Amino acid sequence: GEDVEQSLFLSVREGDSSVINCTYTDSSSTYLYWYKQEPGAGLQLLTYIFSNMDMKQDQRLTVLLNKKDKHLSLRIADTQTGDSAIYFCAERANQGGKLIFGQGTELSVKP
Amino acid sequence: GAVVSQHPSRVICKSGTSVKIECRSLDFQATTMFWYRQFPKQSLMLMATSNEGSKATYEQGVEKDKFLINHASLTLSTLTVTSAHPEDSSFYICSAPTRQGANTEAFFGQGTRLTVV
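Just so you know, the protein sequences line up as chains A and B, in that order. Going letter by letter, the first sequence gives residues 1 to 111 in the numbering used here. Going letter by letter, the second sequence gives residues 1 to 117 in the numbering used here.
What the hints contain is simulated information worked out from the structure, not anything from laboratory work. Heads up, some of the hints might be wrong.
Straight-line C-alpha distance at most 25 Å; calculated DSS-like pairs for lysine-lysine [what the hints assert, rightly or not]:
1) K110(A) / K41(B)
2) K36(A) / K41(B)
3) K36(A) / K67(A)
4) K55(B) / K20(B)
5) K66(B) / K20(B)
6) K36(A) / K110(A)
Quick caveat, the model's predicted, so the values are computed rather than measured.
Model the full structure from these sequences, guided by the hints.
Structure representation (structure tokens):
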């Protein structure tokens, strides 16, 4: 079945880069997503990548995809305290349009 | 991006009562909506897929008689937690997919914090 794994915590200093990693098992995934969740709030789509791409950049965000190893990462350049949140990676399942989420990585940015 | 509105954002109810949560797509039509449940510090677990004009599809282990889903129109899905118990206390989030160019993106509501006392 589908499974998505993430490390649970990451702590960085303001101004440093953050790299959040994710692995998945479903080789038929077509799209992979990164969502941000602030406390008590819903999910905000940050970015996504097609499975036939290996990199996508969007302002401070860079997504790298290694399809062979089924590894996805999100790099946040010049991390700010406002970036503190939980970050979820998700894959679109092969059918039905539902998303399978990782456990979420709690990013803590220290001034 | 598209907007999905969820209401209420917080609700406290007594054990044994029922609570209805609404999920609306404000600027697009959604024939399908998804309902998720999230426990503190945990990931989102898909509960069911809401289908406009037909029955919802429930994930394994989710009681369909307890979590009633009605997809009344192309812009509204409701989740009713019936005979609520304290263990039903959780954060419930809906999402609706919509085409964005070549991709189908899922937009999420703000979530509903349910506390059963």
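Of the hints stated earlier, which fail here?
none
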